Amino acid sequence: MAHMLRGAAAVVGLGLTEFGTLPERSHLEVMAEASHGALSDAGLTVKDVDGLFVSNFASPFLALQSAEYLGIDPAVLDSTNIGGSTFVSHVQAAAMALATGVCNVALIAYGSTARSGGRAGQGRGPQVRTPYEDVYRPRNPIGSYAMAAARHMHEFGTTRDQLSSVAVSARAWAAKNPRAEMREPITVEDVANARMICDPFTVLDCCLVSDGGAAIVMVRSERAGDFPKPPVYLLGIGMAMTHDQIAQMPDITVTAVAKAAPRAFEMAEVSRGDIDVMEFYDAFTINTILFLEDLGFCAKGEGGALVESGAIAPGGRLPVNTNGGGLSCVHPGMYGLFTVAEAVEQLRGEAEGRQVEGAEIALCNGNGGKLSSQVTAIFGTGAAV
Amino acid sequence: MSGNRTFDSPGPDSVYRAALENGAFRIQKCGGCGAHIFYPRAICPACGSTDLGWVTASGKGTVYSTTIVRQKPERGGDYNICLVDLEEGPRLISRVVDAPPEEVRIGRPVEAFIGELDEERVVLFRLAEAG
Numbered sequence: 533m534a535h536m537l538r539g540a541a542a543v544v545g546l547g548l549t550e551f552g553t554l555p556e557r558s559h560l561e562v563m564a565e566a567s568h569g570a571l572s573d574a575g576l577t578v579k580d581v582d583g584l585f586v587s588n589f590a591s592p593f594l595a596l597q598s599a600e601y602l603g604i605d606p607a608v609l610d611s612t613n614i615g616g617s618t619f620v621s622h623v624q625a626a627a628m629a630l631a632t633g634v635c636n637v638a639l640i641a642y643g644s645t646a647r648s649g650g651r652a653g654q655g656r657g658p659q660v661r662t663p664y665e666d667v668y669r670p671r672n673p674i675g676s677y678a679m680a681a682a683r684h685m686h687e688f689g690t691t692r693d694q695l696s697s698v699a700v701s702a703r704a705w706a707a708k709n710p711r712a713e714m715r716e717p718i719t720v721e722d723v724a725n726a727r728m729i730c731d732p733f734t735v736l737d738c739c740l741v742s743d744g745g746a747a748i749v750m751v752r753s754e755r756a757g758d759f760p761k762p763p764v765y766l767l768g769i770g771m772a773m774t775h776d777q778i779a780q781m782p783d784i785t786v787t788a789v790a791k792a793a794p795r796a797f798e799m800a801e802v803s804r805g806d807i808d809v810m811e812f813y814d815a816f817t818i819n820t821i822l823f824l825e826d827l828g829f830c831a832k833g834e835g836g837a838l839v840e841s842g843a844i845a846p847g848g849r850l851p852v853n854t855n856g857g858g859l860s861c862v863h864p865g866m867y868g869l870f871t872v873a874e875a876v877e878q879l880r881g882e883a884e885g886r887q888v889e890g891a892e893i894a895l896c897n898g899n900g901g902k903l904s905s906q907v908t909a910i911f912g913t914g915a916a917v
Numbered sequence: 002m003s004g005n006r007t008f009d010s011p012g013p014d015s016v017y018r019a020a021l022e023n024g025a026f027r028i029q030k031c032g033g034c035g036a037h038i039f040y041p042r043a044i045c046p047a048c049g050s051t052d053l054g055w056v057t058a059s060g061k062g063t064v065y066s067t068t069i070v071r072q073k074p075e076r077g078g079d080y081n082i083c084l085v086d087l088e089e090g091p092r093l094i095s096r097v098v099d100a101p102p103e104e105v106r107i108g109r110p111v112e113a114f115i116g117e118l119d120e121e122r123v124v125l126f127r128l129a130e131a132g
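Residue numbers (the numbering used here), protein chains in the order written: chain A, 533 to 917; chain B, 2 to 132.
Keep in mind the hints are simulated off the structure, nothing from the lab.
Every value quoted in this text rests on a predicted model; they were computed, and no experiment measured them.
Just so you know, even glycine gets a beta-carbon here, dropped at the ideal spot from N, CA and C.
Treat the hints loosely; a few may be bogus.
Restraint ranges, calculated between C-beta atoms of paired labels, are given here [stated by the list, open to error]: (1) B:ASP14 with A:GLU716: 45 to 51 Å; (2) B:SER10 with A:THR632: 40 to 46 Å; (3) A:GLU716 with B:CYS34: 51 to 57 Å; (4) A:ARG692 with B:GLU130: 28 to 34 Å; (5) B:SER50 with A:GLU721: 51 to 57 Å; (6) A:GLU716 with B:GLU75: 28 to 34 Å; (7) A:GLU884 with B:ILE115: 56 to 62 Å; (8) A:GLU834 with B:CYS48: 31 to 37 Å; (9) A:LEU609 with B:PRO101: 51 to 57 Å; (10) B:THR57 with A:ARG849: 51 to 57 Å; (11) A:ASP758 with B:LYS73: 56 to 62 Å; (12) A:ASP783 with B:GLY54: 25 to 31 Å.
So that you can see chain A by itself, here it is in the shape it has in the complex (with noise of 0.2 Å):
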């Protein structure tokens, strides 16, 4: 029988703001544009929404503050903070909350002024202190990731070439998107040879820092007809976690996605070969490589040869991140809701530029903290349904 989630919630409004630099606007700002953005895809409005998902890195009281600032009466408020996987548990959360009745129009919503505002642009307030790690002063997330890969590379004889193909092949995704911040070629001798931040980590092996927000509404499947966009219906979505602190990460070059893709993938009743395109939070060159593996698209190991043969890059077998990811699109700090957003703009076929070809399902990963949450939901087509 299949489970009561699959196909029950769909996606029938995408909004994002402009990628860059938004000088003089508050996190409030860019996430209310991204919301509006999204509610007008939908012929929508504020007053419509009954359900609020947000997260960034303020106060444990975004979600009143947002729900306030938006003028939205809720059922469901939810400011979750898993680490930026966050929006696509959010994604799970809605379509539970849409799926049982106890809302009817799921607006998920994130802004960000990374890059303009620093810390506070984020939303982030004192940082929170880890007392058996902060003090070492390891440069979290960067160390913590630097070590996976240094761990990966040692043990599976990953390469430097490997590391840098991964953001050769965002760069030339992102050159097709017309929305992406970074989008001259690079080579991977450029990435090898930027400045190293940790080792192995150049500059270029790290995801960017960003102004902007993304927003989507969700509704029943049973309505999604009702609105002027292809409904993009929520399959399969699967969660889990290893760890908060890096230390406590059981094997380093193992993520939770191995853990939460199978929970997808039963739900969503399709196979790895059914996926058309990927989207994943590429925080750093290694995660694509891990996830590929964790995902089971090669054995453990091997992540590094499949990216290395050009498989995720334009015109490979396996699209993946074909907005340019957190690598070279947009990075305002918690970039999960962005995975959704490309996702949807290639099943709806709006993917200008950088369409997959006749893309009926599509797969995000999520991931949050140090590797520590991940979040996998497949997408797909009214077809796919």
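Starting from the known structure of chain A, fit chain B onto it as the hints suggest.
Structure of chain B alone, referenced to chain A:
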């Protein structure tokens, strides 16, 4: 090993820090399942028991992974960050401080000592002889 004191005052975090101030690197050992635990907990993450006692760590460990945090010389220069697997089992984040960061490699044996970072007592490591 003491009995079930994890919900009493001082809590495990304070007990650990007090020992560190007195020059001892102590970790917990679970009376329920025998697992060694670091960082200090009130409930064993391996089995759920609250029967957690203290043992002095041997300080012997192996580098599980490592990185060099690059920093301008005027801000203090590059430094090592590493994950160390203690011979008792737990893994912790720390620094190897007695060698150039380039010499800290995965698999190298290391030895703990108690030092200071930013005026706080912490467990640090130095390179050790193999075997």
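Status of each hint after checking the structure:
no. : hint                               : in the structure
1   : B:ASP14 with A:GLU716: 45 to 51 Å  : holds (49 Å)
2   : B:SER10 with A:THR632: 40 to 46 Å  : holds (43 Å)
3   : A:GLU716 with B:CYS34: 51 to 57 Å  : holds (55 Å)
4   : A:ARG692 with B:GLU130: 28 to 34 Å : holds (31 Å)
5   : B:SER50 with A:GLU721: 51 to 57 Å  : holds (54 Å)
6   : A:GLU716 with B:GLU75: 28 to 34 Å  : holds (31 Å)
7   : A:GLU884 with B:ILE115: 56 to 62 Å : holds (60 Å)
8   : A:GLU834 with B:CYS48: 31 to 37 Å  : holds (35 Å)
9   : A:LEU609 with B:PRO101: 51 to 57 Å : holds (52 Å)
10  : B:THR57 with A:ARG849: 51 to 57 Å  : holds (55 Å)
11  : A:ASP758 with B:LYS73: 56 to 62 Å  : holds (58 Å)
12  : A:ASP783 with B:GLY54: 25 to 31 Å  : holds (28 Å)
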